[in-house]
Structures are given as C-alpha cells and as structure tokens.
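Given the sequences, and given the hints that come with them, work out the whole structure.
Chains as they are written, first to last, in my numbering: chain A, 1 to 265; chain B, 1 to 265; chain C, 1 to 265; chain D, 1 to 265.
Calculated directly from the structure, the hints in this document are not laboratory data. Please note that a few of the clues may not be correct.
[Claimed, not checked] As a list, the in silico DSS-like pairs of lysine-lysine whose alpha-carbon atoms are at most 27 Å apart:
no.	chain 1	residue 1	chain 2	residue 2
1	D	Lys223	A	Lys156
2	D	Lys142	C	Lys42
3	C	Lys63	D	Lys210
4	A	Lys147	D	Lys63
5	A	Lys176	D	Lys43
6	A	Lys152	D	Lys63
7	C	Lys176	B	Lys9
8	B	Lys156	A	Lys224
9	C	Lys42	B	Lys234
10	C	Lys176	B	Lys43
11	C	Lys224	D	Lys156
12	D	Lys223	A	Lys160
13	A	Lys43	B	Lys176
14	D	Lys63	A	Lys160
15	A	Lys68	B	Lys105
16	B	Lys43	A	Lys224
17	D	Lys180	D	Lys142
18	A	Lys146	D	Lys63
19	C	Lys77	C	Lys233
20	B	Lys105	A	Lys105
21	D	Lys210	A	Lys176
22	A	Lys226	B	Lys160
23	A	Lys142	D	Lys68
24	B	Lys142	A	Lys5
25	C	Lys9	C	Lys142
26	A	Lys63	B	Lys116
27	A	Lys180	D	Lys68
28	D	Lys9	A	Lys176
[What the hints assert, rightly or not] Incomplete in silico selection of chain C near chain D, CB under 7 Å:
no.	residue
29	Lys43
30	Cys44
31	Leu47
32	Asn61
33	Tyr62
34	Lys142
35	Met145
36	Ala237
None of the values given here were measured: they were computed from a predicted structure. Backbone N, C-alpha and C define an ideal beta-carbon position, used for all residues, glycine too.
Number of protein chains: 4
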Amino acid sequence: MTVVKVIEKLKLNNAVLIEGLPGVGNIGRVAVGYLVEEMGAKKCAELYSKWFFPFVMLHDNYKIHLLKNEFYYVKAKKKGQRDMIFLVGDCQSLSPQGHYEVCEKILDYAEEIGVKEVMTIGGLATGDLEGKERVIGAVTDKGLMKKYGSLKIDFKAGEKVGYIVGAAGLLLGLWKERDKDGICLLGQTTGFPIVTDPKAAESVLATVTKMLNLDIDMTKLEKKVKEMENFIKKVEALQKRALMDITKSTQQKGAKGDEQLRYIG
Amino acid sequence: MTVVKVIEKLKLNNAVLIEGLPGVGNIGRVAVGYLVEEMGAKKCAELYSKWFFPFVMLHDNYKIHLLKNEFYYVKAKKKGQRDMIFLVGDCQSLSPQGHYEVCEKILDYAEEIGVKEVMTIGGLATGDLEGKERVIGAVTDKGLMKKYGSLKIDFKAGEKVGYIVGAAGLLLGLWKERDKDGICLLGQTTGFPIVTDPKAAESVLATVTKMLNLDIDMTKLEKKVKEMENFIKKVEALQKRALMDITKSTQQKGAKGDEQLRYIG
Amino acid sequence: MTVVKVIEKLKLNNAVLIEGLPGVGNIGRVAVGYLVEEMGAKKCAELYSKWFFPFVMLHDNYKIHLLKNEFYYVKAKKKGQRDMIFLVGDCQSLSPQGHYEVCEKILDYAEEIGVKEVMTIGGLATGDLEGKERVIGAVTDKGLMKKYGSLKIDFKAGEKVGYIVGAAGLLLGLWKERDKDGICLLGQTTGFPIVTDPKAAESVLATVTKMLNLDIDMTKLEKKVKEMENFIKKVEALQKRALMDITKSTQQKGAKGDEQLRYIG
Amino acid sequence: MTVVKVIEKLKLNNAVLIEGLPGVGNIGRVAVGYLVEEMGAKKCAELYSKWFFPFVMLHDNYKIHLLKNEFYYVKAKKKGQRDMIFLVGDCQSLSPQGHYEVCEKILDYAEEIGVKEVMTIGGLATGDLEGKERVIGAVTDKGLMKKYGSLKIDFKAGEKVGYIVGAAGLLLGLWKERDKDGICLLGQTTGFPIVTDPKAAESVLATVTKMLNLDIDMTKLEKKVKEMENFIKKVEALQKRALMDITKSTQQKGAKGDEQLRYIG
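Spelled out as structure tokens, the structure:
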C-alpha cells in the first residue's frame with residue numbers, strides 16, 4: 001500500500017524532478033520548500049504509504065492529515081528553463097524495504113508525467129565547522145558532471161563519504177537502473193541530522209537556481225524558515241520519535257509487574 | 001492475512017463508527033467497552049491479523065482465543081440518534097505497516113455496511129496533573145468542528161501535540177483519503193501509556209453521549225471498570241510485553257554459553 | 001515463501017496432530033520427539049520458510065540442511081487409538097507475522113490430510129521450584145475439557161498465565177477459526193526458556209499417552225534425551241542466537257572507525 | 001522487488017556457481033574477487049533488491065550506483081575445467097526473510113543458465129590464533145565429500161560450529177531442496193566479522209583452484225587486496241553501519257526536547 005493520488009493530470013516537457021524530503025539538516029526540505037513557495041508551484045499529486053510512521057499529523061491546530069509526500073509543478077516560463085516538479089513531504093520511509101518501494105512509486109509517477117532528469121538535495125554531516133558553504137555533488141553519469149561543470153560543485157563526494165542514505169541516494173540509484181540520469185547535491189552541515197541548517201540550504205539553493213536558470217529572491221529565505229518553524233519542529237520531532245521508539249522500551253527495563261508476564265509457549 | 005469474519009450481515013443507515021482500541025490510558029477501550037455493555041450492542045464481526053502479537057489469550061481460565069478486534073452494533077432507537085458500530089479489541093498492530101493494513105481493512109468493512117462518520121477515542125498523556133477533565137478534539141474537516149461546537153471540546157489539539165499515534169489517528173487519516181469525515185476525541189491523562197485511567201474515560205464518555213444523543217447511566221462505570229479489571233490487566237500486560245521483547249534480549253548480554261555460538265558465514 | 005514439501009501422500013482417518021516444536025524448556029520438542037522414535041513414525045512432509053533464521057544447520061558433522069519443521073505419522077494400530085501426525089522441528093518463526101503465516105500453512109496441510117483435532121505441547125515457566133509434575137491445559141471448547149476430564153489436567157491455566165506464545169497457542173487459535181477443536185498441554189517448568197527440562201516433558205508425555213491410548217516405554221526417555229543432547233544444544237543455541245542478534249550490535253557501541261560512517265542523505 | 005538484470009544471455013555447460021559475498025573476514029569476497037580479476041571473467045548479470053540497505057554507493061568519487069550483487073562468468077578453457085559463474089557484490093540482505101528471497105532469486109537465475117553445482121565460500125571466526133590455514137568444508141551430499149576427498153578439506157565443520165549463516169549456508173540449503181548438490185568452504189579466521197583476512201582467503205583460494213583445475217598466479221593476491229582496500233573499507237563500513245543503526249538510537253537516550261513528543265493515541 002503505497003498510493004500516488006493524482007490531483008491534476010499532467011504531461012510535462014523535458015522535466016526535472018527536484019527532491020527535498022526531510023533528511024540530514026533538513027537541507028533538501030528547506031531549499032525545495034522555498035522554491036515551491038517562491039515560484040508559486042501547484043500541487044499535482046500526493047503519496048502516502050504503509051511504510052511511513054503509523055501517525056497522523058495535526059495542522060491549523062485541529063486538522064488531521066496522513067503523513068504524505070507531495071508533488072508540486074511549475075512549467076518553464078522563459079527560454080533556458082525547464083518544466084519542474086518538486087517533491088517535498090513530512091517524512092521518508094520508516095523501514096529499509098519501504099525506502100525502495102516508495103522510491104520506485106515516485107519514479108513510476110515521474111516517468112509517467114514526462115520527467116527526464118532527477119535532482120536530489122540532501123545534507124552531508126561532516127562534524128566540521130569549516131567549509132560549510134561547499135556544495136558536494138554526485139551523479140549517475142559523467143555527462144552530467146560536465147553539463148554542470150561551470151558551477152562550483154565539489155564532485156569529490158566519494159572522498160568524504162562512502163554512500164548516500166535514503167531518498168536522496170535511492171531515487172538516483174533506481175533511476176539509473178531505468179537508464180536515465182540524475183544528480184545529487186549535498187549541502188555540507190556540521191551537526192546532528194535532527195537540527196535544521198538553513199545556511200547550508202541557502203548554499204545549495206544558490207547552486208540549484210543557477211542550474212535551472214531561475215530568478216529567485218533569496219532574501220526571504222530566513223524569514224520563510226521562521227514561518228516554517230512549526231512544521232520543521234514537527235518533522236524533527238518525527239525523526240526523534242523514530243529514534244526514541246527503541247529507546248523507550250529499553251528504559252522500561254526496571255518496570256515492575258513483570259510477574260504477570262511469565263513466559264509460556 | 002488480515003481477516004474480517006462477518007458474524008451477522010448488516011446494512012446500517014447513516015452510521016457512525018466509534019473506535020475504542022487499547023491505547024494511552026486505555027481511555028478508548030474503557031469508554032467504548034462501557035457503551036457496548038450499557039447499550040446491549042450485538043457483535044456483528046471480528047477481525048484478526050498476522051500483524052497482531054503471535055499469542056493467544058485465555059478467558060474463563062481455560063479457553064483459548066486469537067487476539068482480535070471486535071465490531072458491535074446498535075441501531076438508532078429514537079429521533080436524534082444514529083445507527084452505531086463500536087470497535088473494541090485486545091490489541092492494535094505490532095508493526096508500523098501492519099497499522100496501515102489493519103486500519104484499511106476496518107474502513108473497508110465500515111464502508112461496506114454503511115458507515116458515514118468515524119469517531120476515534122484515545123488518550124493524550126501530558127504528564128500534567130491538572131486539566132484532566134479536558135476533552136481534546138481534532139477533525140478531518142472544519143465542518144465537523146462546527147457541528148460539535150456547542151460541546152466543550154478543546155479543538156486546539158495541535159498546540160499540545162504534533163500527531164496522533166495508531167488507530168485513533170490512522171483510521172481518520174485514511175478515512176479522509178476516502179473523502180469522508182471524522183473526529184478524534186482525546187481524554188487528557190497524566191501518566192504512562194500502560195496505566196488505565198477510568199476518570200479520563202468518563203470525561204470523554206460524557207462528551208460522546210451528548211454527541212450521539214444517548215442516555216447512558218454513568219454511575220456504573222467505576223464498577224464496570226473493576227469488572228473489566230482482569231481483561232484490562234491482560235491488555236496492559238500485552239502492551240508491556242511488546243516493550244519487553246527488546247528489553248529481554250538486552251538483559252541477556254552477559255549470558256554464558258556463547259562459545260557455542262561462534263559466528264560463521 | 002513458506003513451503004510444505006510432501007514426501008508421502010496421505011489420507012488419515014480422524015487424525016490428531018501433535019505439535020512439539022522448540023519452545024519453553026523444549027518440553028514439546030522432547031516429548032513429541034520421543035513419541036516419534038518410540039512409535040517408529042514415518043516422515044511424510046517437511047516445511048521450510050523465509051520466516052525461519054537465515055541459517056543452515058550441520059548434521060553428521062558435514063551435512064547441510066535448511067532449518068525445517070517435519071511431519072511424521074503413525075496409523076492407529078488397535079482399537080481406542082487414532083491416526084496420529086507429529087510436528088517437530090528445528091525452530092519456530094523468527095518474526096511475529098511469520099508465526100501466523102507458518103501456522104496457517106501447517107493447518108492447511110493438516111486439514112488436507114484429514115486431521116480433526118490439534119494437540120499442542122509447550123512449557124509454562126513459572127519460576128517456582130514446586131509443582132513441577134503438574135500438567136496445565138487449555139482448550140478451544142468446553143467439550144474437550146470434559147472429554148479429557150478423567151486425566152489430571154489442571155484446566156486453570158488462565159489463573160497462571162494470560163496468554164500462550166507461539167505455535168503452541170497460535171495453532172489452536174487459528175484452528176478454532178476453522179471451527180475445529182484442540183487442546184494445549186503445558187508442562188510446568190522452573191527456568192528460563194533456553195534450558196531443556198526432560199522431567200517436565202515426562203509429565204506431559206505421561207498425560208499424552210493416556211489421552212491417545214498408547215503403550216510407550218518411558219524408561220528410555222532419559223537415555224534418549226542424552227542422545228538428543230547434541231541436537232538440543234543446537235536448538236538452544238539457535239534460540240540464544242536470536243536473542244543475541246540485537247545484543248551484539250549494542251555491544252558494538254564503542255567501536256572505532258566510525259569516522260568513515262559520516263551520516264549523509 | 002528483487003531484480004536480476006541480465007546483461008548477456010548465457011547458456012553454460014555443466015557449470016559451477018562460486019559465491020563470494022561479503023561476510024566473516026570477507027574471505028569469500030576477496031577470494032572470488034581475485035578469481036574474477038585473474039581469469040578476466042565477464043559480467044553477465046546484476047541483482048539488486050529492496051532487502052539491501054536503502055543506500056547508494058559512490059565509486060570513482062562522483063558516481064552513484066545501487067548496492068548490487070554481480071554475476072561474472074568464464075567458460076572452460078581446457079580439459080578438466082568447467083564453465084564457471086562467480087557471484088560477488090556489495091552486501092547481503094539486511095533482513096532474515098530477505099536472505100531467503102534473494103538466495104532463491106540467485107538460484108533461479110543459476111538454474112536457468114545451466115549451473116549444476118554450487119560452491120560457497122565463507123569464514124569461520126573461531127577466535128583461535130592457531131590452525132588458520134585450515135579449510136573447513138560442508139556439503140549437501142556425501143558424494144561431494146568423496147569427490148573432493150583428495151584435497152585437505154576438514155569435513156568436520158559440525159564439530160566446530162552448529163550452523164552456517166547467510167548466503168554461504170542458505171544458497172546450499174535451498175539448492176538441496178531443488179535436489180542439486182553443492183559444497184561450502186570456510187576459511188578459519190581469528191577475529192571479528194568486520195576485519196578482512198586475506199591470509200585465510202588465500203588458503204581457501206588454493207583449495208578452490210585445485211578443485212576447479214585452475215592455473216592462478218597467487219603472488220598478486222596481496223597486491224590486489226591492497227588495490228581493493230578502498231572497496232573493502234566501504235563494505236566493512238556497510239557492515240558496521242548495519243550494527244550501528246540500533247546503537248545510534250540507544251545513544252539518543254538522554255536527548256532533550258522530548259517534551260514535544262508527548263505520547264498520544
């Protein structure tokens with residue numbers, strides 16, 4: 001049960017999918033969320049899945065909605081631009097096999113509506129305090145490295161890290177299996193996965209706007225991040241929650257009343 | 001393998017499903033269990049699932065039954081009432097993806113027999129000792145908030161909590177995907193999920209009876225809770241057991257005899 | 001992928017399935033294993049499953065076989081006896097949902113070959129040193145309690161325990177859903193699930209032979225248990241291993257070389 | 001979703017499949033990887049699976065690929081040799097049931113292209129510092145023990161170990177269910193599963209070349225292991241990572257900000 005619910009039927013032209021799901025430093029989530037808002041992108045589909053947390057979220061204080069990933073699109077407005085579809089959302093899959101299934105569903109939908117290239121945005125938590133403006137890249141094919149060679153992307157990701165976790169990596173790995181190409185941009189961030197890093201998001205965003213030939217007013221980013229704060233807190237809480245589920249039970253160790261639990265079978 | 005076993009075929013009229021599965025403070029379980037008894041509701045279906053614990057329970061000391069969720073119904077008896085179907089049971093799903101699958105099966109059955117609205121009952125463990133009489137609400141749509149506006153439901157759930165876990169939340173989130181509406185009522189409770197809170201159950205029950213225009217004698221609640229004690233203890237033990245499964249293995253750390261377990265492969 | 005591989009096609013008459021898979025105190029495994037040997041039962045089917053450990057076992061020092069459950073049968077030899085099919089094996093399912101799926105497969109096969117009644121044998125670890133000769137029973141239906149009422153079975157299992165874990169319980173719970181009957185016999189044992197208790201096995205065995213009107217020489221039990229020792233050690237090691245899998249990773253905590261594992265995504 | 005992607009269609013003659021996936025001491029991975037290189041084996045298929053880690057790996061610093069198992073083949077070149085197909089890769093399955101599913105897919109493909117015998121290579125971590133040159137064997141059938149009897153394989157594996165974990169064992173157990181035969185060779189190694197042991201790999205390799213009548217220059221093994229170092233480090237990191245996933249969450253215990261996580265449902 002992983003469902004893509006189409007809201008508006010689309011056929012895009014030479015489109016690029018830009019992924020920004022919650023992850024390390026929430027860099028993709030912040031950067032792509034800002035693009036969606038600034039460009040007035042329109043929602044065209046939602047995805048929900050049994051592989052997400054068995055929770056519902058509350059918005060506007062009283063309103064329930066399932067955890068979701070959402071697709072927004074903008075058509076090319078001037079020469080040098082491409083049709084774009086943005087992927088944002090509340091969470092990624094909770095289980096390993098779920099990651100594969102959700103990413104395959106996303107790519108099925110992307111292919112169907114005419115996506116040709118996939119761009120994923122994530123964070124690289126190095127623990128270093130320096131070099132944070134750096135944007136690190138990895139691609140499915142050498143051609144893309146040349147195509148985007150004039151931008152200051154550090155394509156030596158492999159020196160810093162052995163692999164890319166979750167949707168930012170898997171979407172590209174599975175896309176390559178379909179003989180298609182894509183690029184991953186990672187903003188370098190200091191800390192622990194759970195702390196949002198808007199500065200790193202800004203660095204990546206600057207690169208993305210150049211790649212896609214967009215005119216985006218970056219001055220509102222900080223303000224927008226503040227507005228998104230409530231949502232971001234929930235997403236961070238979700239991520240913490242995932243970590244805590246195991247922890248909680250461990251803390252129960254000394255729980256009394258175990259006599260009722262005599263093992264049998 | 002999630003099976004709904006129909007005992008009596010039904011077609012209800014404008015019915016409301018009222019969920020009260022075990023959860024935080026067992027508030028839903030106690031409140032809905034009391035309604036089932038007081039109204040003499042009749043069992044119409046049972047659900048069991050591979051996503052429940054791999055246990056059987058014992059009742060009347062000697063009799064084995066699978067862990068189950070049960071559906072009971074009452075038809076409207078006077079004007080201003082609606083047909084009602086109650087969902088109670090031994091447990092919720094043990095795994096995240098199981099939660100989604102079991103809730104979908106419940107809603108499939110609900111739709112089939114004519115349910116129009118879903119009402120879920122749960123607990124909100126705040127740790128606070130005060131304000132326990134409060135009933136907190138969340139809805140799938142603003143309309144329902146207005147419909148039940150005259151009752152003292154605090155519709156600012158989102159200020160206190162980011163999400164609703166398990167069946168109390170998922171049933172509504174998935175119901176909304178079917179373009180249908182529902183409401184969640186949460187009784188505020190102090191403590192840890194595993195301690196039953198009949199007082200909080202009473203507060204929620206008072207609200208539910210007003211919403212559904214029922215005449216329920218509440219004086220027997222405390223007595224009934226005592227009668228249910230044996231069952232509740234088992235349910236609490238089940239919940240503890242789930243937490244202990246991981247813990248137990250952790251306690252094994254120092255176990256001797258590991259020499260026989262030389263790693264190979 | 002749970003496969004029942006039929007070795008000999010059978011049609012039994014009014015048969016009883018007697019389950020003795022590894023579990024608490026290995027009581028079922030020892031008791032039913034002894035019956036298989038003493039009665040010269042013939043193997044008629046094997047079951048293996050993706051829900052078992054991803055291991056193979058070695059026997060005769062050099063020979064590999066998958067983890068399996070095995071079915072052996074004996075036809076009634078004299079009046080007052082019934083056709084019998086014994087279920088023994090290396091292990092039970094490793095995951096909760098696997099337990100349900102494996103038990104359903106076992107019951108599908110049992111129904112197909114003519115089984116009418118299921119008898120499961122397990123252990124009840126009370127931690128008490130006394131009362132070990134007691135055999136505790138639970139049934140799917142009152143009728144069976146009467147049928148076996150003349151034997152000294154303590155049918156107040158529910159006073160000592162809330163539920164029965166694993167195959168010993170689930171086979172009966174799922175069998176009851178097929179509108180068929182069965183009984184569970186539990187030998188009371190002191191200790192931890194992982195220590196084999198041949199004395200408790202003997203108590204249960206004495207009851208089983210009366211129930212099934214068998215002439216079994218019990219004097220060889222102790223000797224046989226010694227012969228089975230090597231096999232039992234492996235089974236116990238398997239059970240320990242399951243517990244250790246989580247533990248091991250926890251012990252890795254302080255592992256160095258984590259720098260190579262900078263989190264990314 | 002476990003996919004075998006065929007690159008070159010094959011029909012082999014009386015072929016042997018030689019498995020060398022990452023495992024204890026990476027003995028299989030090093031030994032079979034060396035054979036692939038030295039013999040100039042050609043890639044004929046790749047396998048990826050939702051049961052692998054939800055990661056992509058980076059090679060050549062910038063290039064993304066899914067975690068994979070790979071098949072390489074060499075046809076017999078002289079009398080006394082057989083067609084050979086080698087199985088190497090980045091990882092094994094992350095979950096128990098995944099192991100079964102991936103191994104079944106491997107064997108489906110093997111059967112299809114004409115494999116008659118399966119040979120798996122693994123490590124046996126005894127903790128002993130002595131006897132490391134020993135190669136320990138286990139087979140699916142006595143015949144194979146005789147066939148390879150002239151080589152110094154210690155067929156008393158069962159004395160040292162009760163079972164063989166993962167692909168090295170399961171491929172043979174499941175192959176036997178198809179009424180086919182195979183052999184497992186284990187290099188004895190001292191240490192913890194995560195440290196590569198090229199010496200033990202060399203001992204096994206010497207045995208394999210005799211079994212398959214190959215002329216392999218072993219002098220380059222040490223050099224090749226150094227060249228493979230970067231890859232091996234990643235594989236070791238993957239294995240550590242699997243262990244750390246649980247650990248990490250445990251370390252979160254004292255995490256602040258839990259107030260936002262009031263339990264609800």
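Quick rundown of the hints versus the structure:
The straight-line distance between the Cα atoms of Lys223 (chain D) and Lys156 (chain A) is roughly 25 Å, inside the 27 Å bound, and the hint therefore holds. Between Lys142 (chain D) and Lys42 (chain C) the alpha-carbon distance is near 23 Å, which keeps this suggested pair within the 27 Å criterion. Of the pairs offered as hints, the one joining Lys63 (chain C) and Lys210 (chain D) holds, with about 22 Å between alpha carbons and a cut-off of 27 Å not exceeded. A threshold of 27 Å between alpha carbons decides the hint, and for Lys147 (chain A) with Lys63 (chain D) the separation of about 15 Å falls inside it, so the pair holds.
The straight-line distance between the Cα atoms of Lys176 (chain A) and Lys43 (chain D) is roughly 18 Å, inside the 27 Å bound, and the hint therefore holds. In summary, the hint linking Lys152 (chain A) to Lys63 (chain D) is supported, as the alpha carbons are separated by about 17 Å, within the 27 Å threshold. Taking the CA atoms of Lys176 (chain C) and Lys9 (chain B), the gap is near 21 Å; set against the 27 Å cutoff, the hint holds. At roughly 24 Å between alpha-carbon atoms, Lys156 (chain B) and Lys224 (chain A) fall within 27 Å of each other, so this suggested pair holds.
For the suggested pair Lys42 (chain C) and Lys234 (chain B), the alpha carbons sit about 41 Å apart, so the restraint of at most 27 Å is broken. Taking the CA atoms of Lys176 (chain C) and Lys43 (chain B), the gap is about 18 Å. The hint holds against a cut of 27 Å. At most 27 Å may separate the alpha-carbon atoms for a hinted pair to count; Lys224 (chain C) and Lys156 (chain D) meet this at roughly 24 Å. A C-alpha spacing of about 25 Å is found between Lys223 (chain D) and Lys160 (chain A), which places the hinted pair at or below 27 Å, so the restraint holds.
Among the hinted pairs, Lys43 (chain A) with Lys176 (chain B) is consistent with the structure: their alpha-carbon atoms are about 18 Å apart, no more than 27 Å. A hinted pair counts as satisfied when its Cα atoms are at most 27 Å apart, and Lys63 (chain D) with Lys160 (chain A) qualifies at roughly 13 Å. A distance of roughly 20 Å separates the Cα atoms of Lys68 (chain A) and Lys105 (chain B); the hinted pair therefore holds under the 27 Å criterion. Taken as a hint, the Lys43 (chain B) and Lys224 (chain A) pair is broken in the structure, with Cα atoms around 53 Å apart against an allowance of 27 Å.
Using a Cα cut-off of 27 Å, the hinted pair Lys180 (chain D) and Lys142 (chain D) holds, with the two alpha carbons roughly 12 Å apart. For the given pair, Lys146 (chain A) sits about 13 Å from Lys63 (chain D) by alpha-carbon distance, which is consistent with the 27 Å threshold. Only pairs whose Cα atoms come within 27 Å are accepted, and Lys77 (chain C) paired with Lys233 (chain C) is rejected, the gap being roughly 34 Å. For the proposed pair Lys105 (chain B) and Lys105 (chain A), the alpha carbon gap of about 22 Å is at most 27 Å, so the pair holds.
Between Lys210 (chain D) and Lys176 (chain A) the alpha-carbon distance is near 40 Å, which puts this suggested pair outside the 27 Å criterion. Distance check on the hinted pair: Lys226 (chain A) and Lys160 (chain B) sit about 20 Å apart at the alpha-carbon level, within 27 Å; holds. A threshold of 27 Å between alpha carbons decides the hint, and for Lys142 (chain A) with Lys68 (chain D) the separation of about 20 Å falls inside it, so the pair holds. Of the supplied pair hints, the one linking Lys142 (chain B) and Lys5 (chain A) holds, its CA atoms being roughly 22 Å apart against a limit of 27 Å.
Of the pairs offered as hints, the one joining Lys9 (chain C) and Lys142 (chain C) is violated, with about 33 Å between alpha carbons and a cut-off of 27 Å exceeded. Distance hint between Lys63 (chain A) and Lys116 (chain B) is fulfilled; the C-alpha atoms sit about 18 Å from each other, no more than 27 Å. At most 27 Å may separate the alpha-carbon atoms for a hinted pair to count; Lys180 (chain A) and Lys68 (chain D) meet this at roughly 18 Å. The suggested pairing of Lys9 (chain D) with Lys176 (chain A) holds, with an alpha-carbon distance near 21 Å, which does not exceed 27 Å.
A hinted interface residue such as Lys43 (chain C) counts as satisfied when its beta carbon comes closer than 7 Å to some beta carbon of chain D; here the least separation is about 15 Å, so the hint is violated. For Cys44 (chain C), the interface hint is violated, since its Cβ never comes within 7 Å of a Cβ in chain D; the closest pair sits about 17 Å apart. Proximity of Leu47 (chain C) to chain D is violated relative to the hint, the smallest CB-CB distance being about 11 Å (cut-off 7 Å). Residue-level restraint check for Asn61 (chain C) holds (minimum Cβ-Cβ distance to chain D is 4 Å; threshold 7 Å).
With 7 Å as the threshold, the beta carbon of Tyr62 (chain C) comes within range of chain D, its nearest partner Cβ sitting at about 4 Å, so the hint holds. Because the smallest distance between the Cβ of Lys142 (chain C) and any Cβ of chain D comes to about 37 Å, over 7 Å, the interface hint for this residue is violated. The interface hint given for Met145 (chain C) is violated, since its Cβ lies 38 Å from the closest Cβ of chain D, which is over the 7 Å cut-off. With its C-beta approaching chain D no nearer than about 5 Å, Ala237 (chain C) sits inside the 7 Å limit, and its interface hint holds.
In terms of the numbered hints stated before, the structure departs from hints 9, 16, 19, 21, 25, 29, 30, 31, 34, 35, listed from lowest to highest.
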